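Required output: the full structure, derived from the provided sequences and hints.
Same order as they appear, the protein sequences are chains A and B. Positions 1 to 117 (our numbering) are the ones given, in order, by the first sequence. Positions 1 to 166 (our numbering) are the ones given, in order, by the second sequence.
It is worth saying that the hints were derived from the structure and are not from the lab. Please read these numbers as outputs of a predicted model, since none were measured by experiment. C-beta: ideal position from N, C-alpha, C; glycine also. It cannot be assumed that every hint is accurate.
[Claimed, not checked] Interface residues of chain B toward chain A, partial, derived using beta-carbon atoms under 10 Å:
#1 93
#2 129
#3 138
#4 164
This is what each chain is made of:
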Amino acid sequence: MPADTSALSKQCTYQTNYTGFTNSFSCVWNSRNSSLSILGGLAQSGTLSDPPTFMFTIDQLKNPRGLITSGMFNATIFTSDWKPLFYNRNVWGPNVTMTLVAKPQNIAYNRSSVVNG
Amino acid sequence: MDREIYSTIGSYQFKWSAEHDVTPEYLLRITMPSGVTVQQKTGCSVIGFIYTGYKCNSDGANNQIVITNLVASTVTAGTVFIFTVDSITNPSEFIDLGVVKMELLTNSGGRVDVGDFTFAKNLFQPSSISSFSISPLDTTAGNYPVSYVFFIKTKARVAKGASINI
Numbered sequence: 001m002p003a004d005t006s007a008l009s010k011q012c013t014y015q016t017n018y019t020g021f022t023n024s025f026s027c028v029w030n031s032r033n034s035s036l037s038i039l040g041g042l043a044q045s046g047t048l049s050d051p052p053t054f055m056f057t058i059d060q061l062k063n064p065r066g067l068i069t070s071g072m073f074n075a076t077i078f079t080s081d082w083k084p085l086f087y088n089r090n091v092w093g094p095n096v097t098m099t100l101v102a103k104p105q106n107i108a109y110n111r112s113s114v115v116n117g
Numbered sequence: 001m002d003r004e005i006y007s008t009i010g011s012y013q014f015k016w017s018a019e020h021d022v023t024p025e026y027l028l029r030i031t032m033p034s035g036v037t038v039q040q041k042t043g044c045s046v047i048g049f050i051y052t053g054y055k056c057n058s059d060g061a062n063n064q065i066v067i068t069n070l071v072a073s074t075v076t077a078g079t080v081f082i083f084t085v086d087s088i089t090n091p092s093e094f095i096d097l098g099v100v101k102m103e104l105l106t107n108s109g110g111r112v113d114v115g116d117f118t119f120a121k122n123l124f125q126p127s128s129i130s131s132f133s134i135s136p137l138d139t140t141a142g143n144y145p146v147s148y149v150f151f152i153k154t155k156a157r158v159a160k161g162a163s164i165n166i
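Here you go:
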């Protein structure tokens, strides 16, 4: 994940309306290299003529802090012995763009003068 | 050949010569190891053959390519045939594939020349993700916790035991 996006906890949570997986899976956030690992859940998936589409919703992520376009997301699918099987070759990938700013939680001010006018 | 894992393009080039003369009534049978899949097809395509009147069948059940009508007239022993056959799918994982068996047979199935070769290690390479998109369900800057929906589509099917890293 790009450095400006992160997860809130090591064991990330996900919603159950996922597709492309045979079983439930586990999701782990590694803050050292800013990566999400989706482990387990993939049995032989898809067919030769119809490759699988994986759709899943990861909760507990943290948005970039400004109205900016984030850095690029990369995805790699590894074999069970951690050899890259499919990847987007680090040359293209999606990003996310924030469109709203958050409201301040609190604003405090001090008047420097209390004289009328 | 395309070296991507699980590529369905499936064109393999063979370079082969026989110990004996090759006569028109002979056929060539190529048996692929189980990690490589021969698609079921009548009329597979062979490019580079000397004689264009050949007939090619890919037999998915037995993982074999059978080419009949190899030559129009007798070709002397040792002549090198270089040809490309389609309808073969690459393996799904980086495994040792074992041997490919090449058999020159008579029409009645008698063996004339039989040999095999082994796939080189590290011959195959990773494939690519064909589409990848992400949708945050809330686009307020700095907000958390936020749910993100991920879509990933691969170029081919995914092997058992795989994992995804983002």
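Note to self: Name the hints, by number, that the structure is in violation of.
What the structure shows: none
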